[in-house]
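Participant: Sequence:
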Amino acid sequence: MPTHRSRRPLKRCAARRRAEESGEREALVRAAHPLVELQARVGNAAVERALAQRYPVRVRPGASCAQVVDWLNTSNPHAPDWALTRAGFTWSGGFTITGSAPSFTLSLSNPQVRMSGPRVDMPEWRPGSPAMREAWQDMYARLRRHEAEHEAIARRWHATLTERLQNLSLEVNASSRAQVRRRARALVNAAWDSWLAEYRADMTSIDPHTEELHCPTAQADAPAGEEGGDGAPA
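Per this note's numbering, the very first residue in the sequence shown carries number 7; after that it's consecutive.
Hints are computed from structural coordinates only; laboratory data are not their basis.
Keep in mind it's a predicted model, so treat the numbers as computed, not measured.
Here a beta-carbon is modelled for each residue, glycine too, at the ideal position from N, C-alpha and C.
Treat each hint with caution, since some may be false.
Claimed, not checked - Per label pair, the in silico range of CB-to-CB distance:
| no. | residue 1 | residue 2 | range |
| --- | --- | --- | --- |
| 1 | Ala196 | Gln143 | 43 to 51 angstroms |
| 2 | Pro108 | Arg150 | 53 to 61 angstroms |
| 3 | Glu218 | Ala197 | 25 to 33 angstroms |
| 4 | Gln118 | Asn79 | 36 to 44 angstroms |
| 5 | Thr102 | Thr166 | 15 to 23 angstroms |
| 6 | Pro136 | Asp199 | 19 to 27 angstroms |
| 7 | Asp144 | Glu177 | 52 to 60 angstroms |
| 8 | Glu155 | Pro62 | 22 to 30 angstroms |
| 9 | Gly99 | Ile212 | 26 to 34 angstroms |
| 10 | Ser106 | Asp213 | 27 to 35 angstroms |
| 11 | Arg183 | Ala147 | 29 to 37 angstroms |
| 12 | Ala107 | Glu155 | 26 to 34 angstroms |
| 13 | Asn79 | Asn179 | 47 to 55 angstroms |
| 14 | Ala197 | Arg66 | 47 to 55 angstroms |
Let's have the full structure, built from the sequences with the hints guiding it.
Facilitator: Following this line, the structure appears as structure tokens:
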């Protein structure tokens, strides 16, 4: 005959119970979402770089080469460019003020620059024939290499902006140290905005940019059935 043993319930304080439940939820999130583990291993910036966006090319799979090119030139969200790389920068740091009235020097203590991105938005389309699929993937690879140049520019400017903030030294005419402090953020922002204008000019210096889509011959472009293609490579 089976027997049953009773156990006294464990008494736990509410705070400890909430902490344990929170830990269980976090463990479930880590187990359910592989990006959390990836983020822990390589950091936020690497995860952001790995997540390229795709915009849909709204033409049918059997569209002609000319139709695809026309849509990309006129209707894609980044026209006349066929892709877009974005990166954003923000600065932080404390203010250091030296000198005496009326000549002061403003610099930053522990300056930091945070970069969001770079994020790349690429076209996505599923050609309906093997020949067109090969032509599309060839174009896509060349276009992606161009966007990699934009990514390199953004990362280079991340380092440049950090160095400039570290070396920032602004001469300020003011009647008091307090007056300098009230103007400090606006003064740094003025320099910062001029640097960002240089960054944007650097990014656009290699644009507008498209890649030639080498149209296959009529024989090579015969439809391969209704299964469609694989789309752009990852």
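Participant: Look at each hint and say if it fits the structure.
Facilitator: Structure-based check of all given hints:
1. For alanine 196 and glutamine 143, the hinted distance range of 43 to 51 angstroms is satisfied, since their beta carbons lie about 46 angstroms from each other.
2. The hinted window of 53 to 61 angstroms between proline 108 and arginine 150 holds, with their beta carbons roughly 55 angstroms apart.
3. Checked against the hint of 25 to 33 angstroms, the pair glutamate 218 and alanine 197 fails, with Cβ atoms roughly 41 angstroms apart.
4. Look at glutamine 118 against asparagine 79: about 41 angstroms separates their beta carbons, and that is inside 36 to 44 angstroms.
5. The hinted range of 15 to 23 angstroms is satisfied by threonine 102 and threonine 166, whose Cβ atoms lie roughly 21 angstroms apart.
6. Between proline 136 and aspartate 199, the C-beta spacing of about 51 angstroms breaks the proposed range 19 to 27 angstroms.
7. A hinted range of 52 to 60 angstroms holds for the C-beta pair aspartate 144 and glutamate 177, which are about 55 angstroms apart.
8. Evaluation of the 22 to 30 angstroms hint for glutamate 155 and proline 62 yields a pass: the beta carbon distance comes to about 24 angstroms.
9. Between glycine 99 and isoleucine 212 the Cβ separation comes to about 31 angstroms, which falls inside the hinted range of 26 to 34 angstroms.
10. Between serine 106 and aspartate 213 the Cβ separation comes to about 49 angstroms, which falls outside the hinted range of 27 to 35 angstroms.
11. Checked against the hint of 29 to 37 angstroms, the pair arginine 183 and alanine 147 fails, with Cβ atoms roughly 57 angstroms apart.
12. For the hinted restraint 26 to 34 angstroms between alanine 107 and glutamate 155, the CB-CB distance of approximately 49 angstroms leaves it violated.
13. For asparagine 79 and asparagine 179, the hinted distance range of 47 to 55 angstroms is satisfied, since their beta carbons lie about 53 angstroms from each other.
14. At about 51 angstroms, the CB distance of alanine 197 to arginine 66 agrees with the hint of 47 to 55 angstroms.
Taken one by one, the earlier hints fail for this structure at numbers 3, 6, 10, 11, 12, listed in ascending order.
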